[in-house]
Every structure is written in structure tokens, then in C-alpha cells.
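Undergrad: Following the hints, complete the assembly by docking chain L onto the known chain U.
Chain order of the listed sequences is U and L. If you read the first sequence in this note's numbering, its first letter stands for residue 1, the second for the next number, and so on. If you read the second sequence in this note's numbering, its first letter stands for residue 1, the second for the next number, and so on.
Any given hint could be a false lead.
Stated by the list, open to error - What follows is a list of derived Cβ distance ranges for each label pair:
#: 1; chain 1: L; residue 1: 23; chain 2: U; residue 2: 75; range: 21 to 27 Å
#: 2; chain 1: L; residue 1: 122; chain 2: U; residue 2: 15; range: 21 to 27 Å
#: 3; chain 1: L; residue 1: 135; chain 2: U; residue 2: 75; range: 28 to 34 Å
#: 4; chain 1: L; residue 1: 153; chain 2: U; residue 2: 79; range: 26 to 32 Å
#: 5; chain 1: L; residue 1: 135; chain 2: U; residue 2: 64; range: 19 to 25 Å
#: 6; chain 1: U; residue 1: 56; chain 2: L; residue 2: 96; range: 37 to 43 Å
These are calculated hints, taken from the structure and not from any lab test. As the structure is a computational prediction, the values presented were derived from the model and not from experiment. Glycine included, every Cβ here is placed at the ideal spot set by N, Cα and C.
Below, each chain spelled out in residue letters.
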Amino acid sequence: MSSPSPVRGNSVFLVLLLFIQLLLMSGSVKGGDGVSRLEAAVVILTSPVATVASWAGSGVRSMFLGVRGTLVARRENLRFRATVEDLAAELDRLKEIEPENRRLRELLSMREWMAPESIGASVVSASLSRESRLIIIDRGSGSGVRENQAVVAWGGAVGRVVSVSPGFAKVRLLSDPNSGVAAVIRHNRVDGMVLGEGGDSLVLTMKYVSGFADVSMGDVVVTSGLDGIFPRGYRIGTVTYVGAGGTVSRDIHVSPACRIDELEDVLVLTGRTAGGLLRGPELEADR
Amino acid sequence: MTALGAILFVAVCLGLQVLVTSLVPGAAEYVDCLIVPVVWFGIRRSQRAAMLTGCMAGLAQDVWFRSAVFGLSGFEKTFLGWILGGLSSRFDLNSTTSLFTTGFMFSVAQNLLAIGLLRLMDQVTVRPMLVHWLIQGLVAGLLVVVGFAIVNRIAGENDTGSGYSSY
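Same shape as in the complex, but just chain U (with noise of 0.2 Å):
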């Protein structure tokens, strides 16, 4: 008797192994409860792979999120520092603009208010020496500055325009030793010049007052319009000394009412305000 061909063996064998798998099937196919037991023994049986196999998925794939996640965060923070540079930059830019924003609001109504014929410019440099006191503007013949115009800011009178050139002009402060402003002190009207001192002396002197006009420490120096450069009305600041009475004339002391070593911004007056009362807040607050 002979053996089986191998070929029939595997055939049977393989006959046997899909009718197990047919029973299976067709078990699982008529719906009944729960699993088989051969399918639960399956479970039981490579559960301990696919847990393991789970576990380390799930362990590379934290681990890979964790790094993505690390290179992400990375990425967002140096693009966050940038930001923040960036913003820490435009900051410290707006801080810069905010203060100028400011002084050019405050010129911008103190030319309504007090020039409406004028030239806002800026102080591009000042020169505040014993010999000399004056500021160079950012505004010259181009923007229709002349000499002898009047260059005021919001405190008061700054000076006069002494020389331009097409960009640029130079105004001689009130406290130059040359220079010299009609004024008169506004609570009763009386008369007089206020020179510059030089020196180191930022004190404006009031001359030829009358020895005997009423005169007090305190009192308000405006400018008067009799010198033909200066309109009336403008502060040039307040009496701060005031000499012996009785003589011909007395000296007086004048401190100024801008701070010339703060002046950022001026108003060169263009108009023919020469003699023209003020209408501005001054002339308001004053009253």
C-alpha cells in the first residue's frame, strides 16, 4: 500500500483548514452573542503583541508628537521673539511719536488759536551760548519765511527771524544780548522794551519803564505791537524783579515765559499781525 501523494495531504489539509474557517464564518455571519471561542482564543493569544506593538506606537508617536511639538513651540517662540521685538521696537517708536504728537497738537491749536496766518517748524538746533542765544528752524524761504518775522510758541514769544536760507532759518531768541521786544505790562498798560541779558543770564531785562508806574513783582509782560515785528498780546513772561521807584526810569527783571532750552516746536508768524491784538487763549485766560 502507498503512501499519499503530498499534493493530496496538503489538498486535505487545506480542505480541513477552510472548512474550520467556514464554520467560523458562518458562525459569526448568523449573529450570535458575544465571540466565539476560537476567536477569543485568538485575542487571548496575540493580545500580548498588539499590546505591546500598541504601547510602543502609542510611546513613538508621543514621542514624536513631543518632538513636533518641541520644534513647533520652538519655531513659535522665535517667531514670537521676533514679534515681541518687533513690537518692543514699534513701541519705543510710538513713544518717541507720542510726545510729538503731542507738541504738534499743541502747535497745531496754538496756531488756530493764536497765529492763524503761520509756519509751524521745528527746532532743528539751538545755540545757547553767553554770546548768542538762537535756534535754527527747519523752515526757511522755500516755506515762505522772511527776516524779521516773528517766531512765537506756545508759551509766548521765542524771537525773531534774523537771516533765511531756502531750508532752513535762524531766530534770535528774546534773551540774546541783541535783541530787543516792545512790551508793556498787561494789567496797566505801561510802556517799555524788553532787552536780552546774554551772559548766564537767562533773565530778560524791561526797560524804560517809568519810575513811577505801578509795578509788582508777578505782574504779566506781554508785547505790545509797537515794534512792528511782534502782534500785541503775546506773553513774553513775568516780572521777577523790580527796581528802586522814583527815578526816571527803573529796572525791572523779566523771566521768560518759554522755556527756550525745551522749545521743540515754533510758529513763524507771516501774516501782517504787527500791531494786531491776539485772540487766542491768552488774551482769554488773561482777562
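TA: Using the frame of chain U, we list chain L on its own:
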């Protein structure tokens, strides 16, 4: 490779499949690592070994990756293992091209069998998508080639195999 080796082979492939499912869920449907041991045993060992490996791998696949009928993948892989074992006893399938083609054809045949069986059992089937099958086949071919290279090295066998597999 012994029976224990076959079990380990299937277990490793099952683990890899779980890993793929866990790491790239979207791509997992195109990957069937459990084809590799069946093909390997079909080409490098006996027809019977291929059938048994197919049975093991298929049942494991049914348990972990198939929501349809339990035993379906087992049936498919057992049957295809038998066919592959028979073919490899007549033809040399050890070249890279043959391995790739075998993997590709195994995957396509498996899909066809699944559809046929499910329809026979009056089960719901989704409309087959050729592109889907094509990608699955290409991935299976690639997996078989790579799997053979790795397992041959581990098992210390020549890449060209020892000729036709025995019955």
C-alpha cells in the same frame, strides 16, 4: 524556520501592523504586513507551512483589523498560501521582481476573494476601488521584497533561496 519561528514571524508582523495602525491611521488601510509571512513560507518553505501561517495570520488579522466576518481573512490567506505554495513548487519566485509581483497579486487576489466570499454570504460589501487595490498591491509587493530581504538575513538564507519549495 521552525513552527515557533513562524509564530514569531506572524507575531512580529502583527505588531508591525498594529504599529502602523497606531502611527499612521490614514495609511494603515493600504498596508498589510501579515501578507509577508504567508508569502515567505509559501515560497521558502512548504505549501502546508504557508497554509498554516496563512491561517494564523488571517485569524489574527480578523481579530484585530477586520470588523466583518470572523475567519474571512483566515480563509483568504490559507487558500492563497496553498496556491502560492503550489506555484512556488513549480516556478522560481525568489527574484525581486517575482517577489514584488507575488505580493501584488496576493493582495489583489485577497481583495477579490474577500468580495466574493462576502457576496456569497450575502454580506454588505463596499464598491471596490481599483486605485485603492492598486495602491494596496504596490505596498504589498514592496513589503514582501523588503520583508524577504530582512528575514533572509535574519534566517541566514541565500537571497535566491534553495530552489523550489518542497511540498
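Undergrad: Compare the structure with each hint and give your call.
TA: Evaluated hints:
As the Cβ distance of residue 23 (chain L) to residue 75 (chain U) is approximately 23 Å, the hint placing it in 21 to 27 Å holds. For the pair residue 122 (chain L) and residue 15 (chain U), the supplied restraint of 21 to 27 Å holds, since their beta-carbon distance comes to about 23 Å. For the hinted restraint 28 to 34 Å between residue 135 (chain L) and residue 75 (chain U), the CB-CB distance of approximately 33 Å keeps it satisfied. Distance hint for residue 153 (chain L) and residue 79 (chain U): a CB-CB separation of about 46 Å, inconsistent with the stated range 26 to 32 Å.
The beta-carbon spacing between residue 135 (chain L) and residue 64 (chain U), approximately 24 Å, falls within the hinted interval of 19 to 25 Å. Between residue 56 (chain U) and residue 96 (chain L), the C-beta spacing of about 30 Å breaks the proposed range 37 to 43 Å.
In summary, the numbered hints that this structure violates are 4, 6.
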